[in-house]
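Chemist: As a plain string of letters, each chain reads:
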Amino acid sequence: MQELVKRAIPLSTNHAIANAVKDLDVDVISAYPITPQTTVVEKISEFIAKGELDAEYIHVESEHSALSAAISASLTGARAFTATASQGFALMHEMLHIASGLRAPVVMSVAMRSLSAPISIWNDQSDLFNARDSGWIIIFAHTAQEAYDTVIQSYKIAEDHNVLLPVMVGYDGYVMSHTIEPVITEDKEKVLKFAPKKQYPYKLDPDKPVSIGSITPPEYYYEFKYQQVKAINGSLPIIEKTDEDFGKTFGRSYGLMECYMCEDADSLIMTNASYASTLKAFLPEIRKQGLNVGLLRLRVYRPFPLQKFIEYTSDKKNLLVIDRAISYGAPYQGPLANEISGAMVRSGLKLNLISVVTGIGQRTVEFEDFLALARLAHEGRKHEETIFYGVRE
Amino acid sequence: MEKLVSYTEMAPGGIVVNPGNSLEYKTGDWKVLIPVINQETCTRCRICWYVCPDNAIIELDKEYTTKKNRKYKVSYDVNSDFCKGCGMCAQECPVKAIEMVPVEVA
Amino acid sequence: MSENKILRIKSLYDLPRDELFISGHGLCPGCTAGTIMRMLTKVTGKDTIIVNATGCVEVSTTRYPYSNWLVPWFHSAFENSGASASGIAAAIKAMKRKGLMDKNKDVKVVVVAGDGGTVDIGLQSLSGMLERKEPVMYVLYDNEAYMNTGIQRSGSTPHGAWTTTTPAGKVWRGEWRDKKDIAGIAAAHHIPYVATANPAYPMDMINKFARGLEVLNEGPSFIQVLMACTTGWRFDPALGITISRLATETGIFPLYEIDHDNFRVTFPVMKRKPVKEYLKLQGRFAHLTDDEINEIQKLVDQKVEAINKRAGKTVIGPIA
Amino acid sequence: MTTIEIRWHGRGGQGAVTAGEVLASGAIIEGKYALAFPEFGAERRGAPVRAYTRITDNPNIPRTPIENPDVVVILDRSLLKKEYMEGLKKGGYIIANTPLKPDELIKKIDLPNSYNVSTVDATSIALKWLKANIVNTAILGAVIKTTNLIKIDTIIEVLKNRFHGKIGESNAMAVKEAYDSTLVMKLQEAI
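Protein chains in written order, with full-length UniProt numbering: chain E, 1 to 393; chain F, 1 to 106; chain X, 1 to 320; chain Y, 1 to 191.
Any given hint might turn out to be false.
Some chain E residues judged to face chain F by a derived CB distance under 8 angstroms, without partners named [to be verified]:
1) L102
2) Y202
3) F224
Keep in mind the hints are simulated off the structure, nothing from the lab.
These numbers come from a predicted model, not from an experiment.
Using N, Cα and C, we set each Cβ at its ideal position, and we do this for glycine too.
Given only the sequences and the hints, what does the whole structure look like? Please build it.
Modeler: Right, here's the structure in full:
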């Protein structure tokens, strides 16, 4: 076999993220264990225990407190991190909005998992899509390497004084969180040179007191929300530049959205995280079966890179959007498909949009299933309803 | 009413970067009654200054000599801009040196 | 090392004139929370970060664009003051150690929270903070109901009290359960210092704040301050301190401290007044019949007996 | 051959997941692309578990469960049944923890003659070196001996990083003894 990967070490995505936290010299980690996030916080604890990371670890009693403490730590001037999934993520929900509202540059990793009830510990993306309107920058990673790299990029983005927004990095629970794969980790000094600590400009400091978290009457509140609109929209070029600069420094970059084997494709399948990496592996075989299909990988989700989307899809016939979350009772019952239909109207795209929900609760999707979905995209029939692929009727 | 500014001129997140500006927010017009301190009978015990929730009893480095020739280094006054007229100072005054009178009278 | 000596007072004359909690806030006229906050910040000094739970003090003191806090002040939600304070304390610790902040600066973290944010919705994060021995002083201003939202019953509402969710009628006669013993719950975490305080006893209250700050190098402190609420308790705004004093004089709100697990009543009341004197001044108890008042008297007698038993001697005497 | 797919069968606590990870880790250290992941369940000790390892020269590796493995590794004797070998490619390998010789095993469970079969008494080796029925490291010796996917020294390096001190040493000894005592019966050329 060829020797392809240089310097790589075997890491799960969870451990890759823990390594990023170490290499970023994060000051405060505040987290509560939840499956399948746990090995992130276990590994971080181990780094601190061994003296490889100098940080305060707050063993909070809930995810609500985990994010609360991360927010206040970051507003005191520290670099703060937390990680969560599923029910814990849902428990944080109030604080998600507060983090973005207070403009706290917190970074959080999300090992995406389904939501109760009934309880399922397995992967889908209900938790993250439930939080898409919380004002966070949201980036999906499709490999452990990308997760490591994206956490590093995230701090540079979040702490940029023109951004000052929290960032969440989403990846699939178990399928990525617990999978060992090659990851190149970087030298800490080089990482910190790329993403030097930038303290919050209005931090809690007795020498220059501020009041953070005021009650804001109707004549002011709207303007603060509009500031958030401007900040997240304005972050898009900063996210893009950060990724480009990362590429120049470390030799790896990902773009805002990835179009894979798609220049010559008539039809695209839009998906993210583990489905994207799996589809990349399957596409050559799918092409061999005469299906002229490519992959449109969703990476930066908030802010949505609309221009990239238009660029990649304007000459395509069919776009099959895979959702691994359900927007119950919505026009399309996949949250992403709903948004894409809006993006199409806004930009006058005449794609045939096919909305597919699948992989709910980690229902296995195998090669044959991807092949079937590729066929659906390739055939290009109209499907008015969201297709619940793989469900037993 | 304060001038309302564009979103670009506000620090993010509802953060007040110049705390202490509450002095622009006069709460004194809430009151109907205002305390009047009798400097003659006042014993300078500082209780009224202590209890006032609004910091509206002011302790001044102003000497005062009573008619009975008792000398005090300080005097107490009421900051009408912030006194809400609750009357707690008068109620707690051990020598009844504070009287609550209608604002118009004062 | 800290060069700031923590203020302890022998008389009111020892208090500095300078204010860190200044005028121009929107608390109700006669709100003793104003008195308590003024005194608290006089003791903490300027090198302090205040964490405020959602509640009366929060909404009244930082109505955008105004703030009357001259110390850094932080609020994010109702139920998370313990966690927020923990995050700040951790940030200070890490940043000092890593040279991102002046090592010699002794910055104190102090929570200010009402009873809803402490005994009810905030209990979990408070317990986490106490159990982790965070260097935070937690000051509960206890006005015994959700005053900010319009006088709804909380776990701290006392027996017999009318609130908008325990109204008095034929079936309900006001709150029928007993007030939660939050100081006891805090003490069960075996933190260095727990105390109850009352603004009608300034020296006692202020020196308890001082003690609460002194122990922070060992762990957290918790101080429950009675905060008579003119609006929710329905009394003449002039009477806040008077009613507060009666709460202690009647044995309803005894003043004690638990310093390193040593229990001590700090203000013995040898000649106790009947609870009726406390209740009759407040509209929230106006519906009570003599029989119902006697019932409350019995509950207070039992509580006093328990305090005396714990003190090992009579520190709160019988009704004179 | 660009991709080797290995499926591991064991019972919770025996270390099938760890074995899969250690093999992938070794491959990654040697500069190959590899992926290892368990079949994610909520089961605890004792329940049958499966794990997967893919080793490839392609940076894009599918994350789907392995239905048609090149190699099936069975760590627990009670799982030496044809149902656990389902989907194994023709010419693939069965590596089993058993004191039986390959031909005895074939006879016992009536295997078709389209597979290569290796056997090792990993349980005895584990009990000897690790004083416990944790057969994952010992079985790795058999996997290396049979497939030659990576160097035995690399496996030992991974194990010593994963298990420090004396335990690392014992694991290394178990791998070596298993490597030396594995019996391989190749029916036809494969891999």
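Chemist: Determine for every hint whether it applies to the structure shown.
Modeler: Structure-based check of all given hints:
1. L102: Since the shortest Cβ distance to chain F is 5 angstroms, the answer is holds.
2. Y202: Holds: closest Cβ of chain F sits about 5 angstroms from Y202(E), inside 8 angstroms.
3. F224: 5 angstroms, holds
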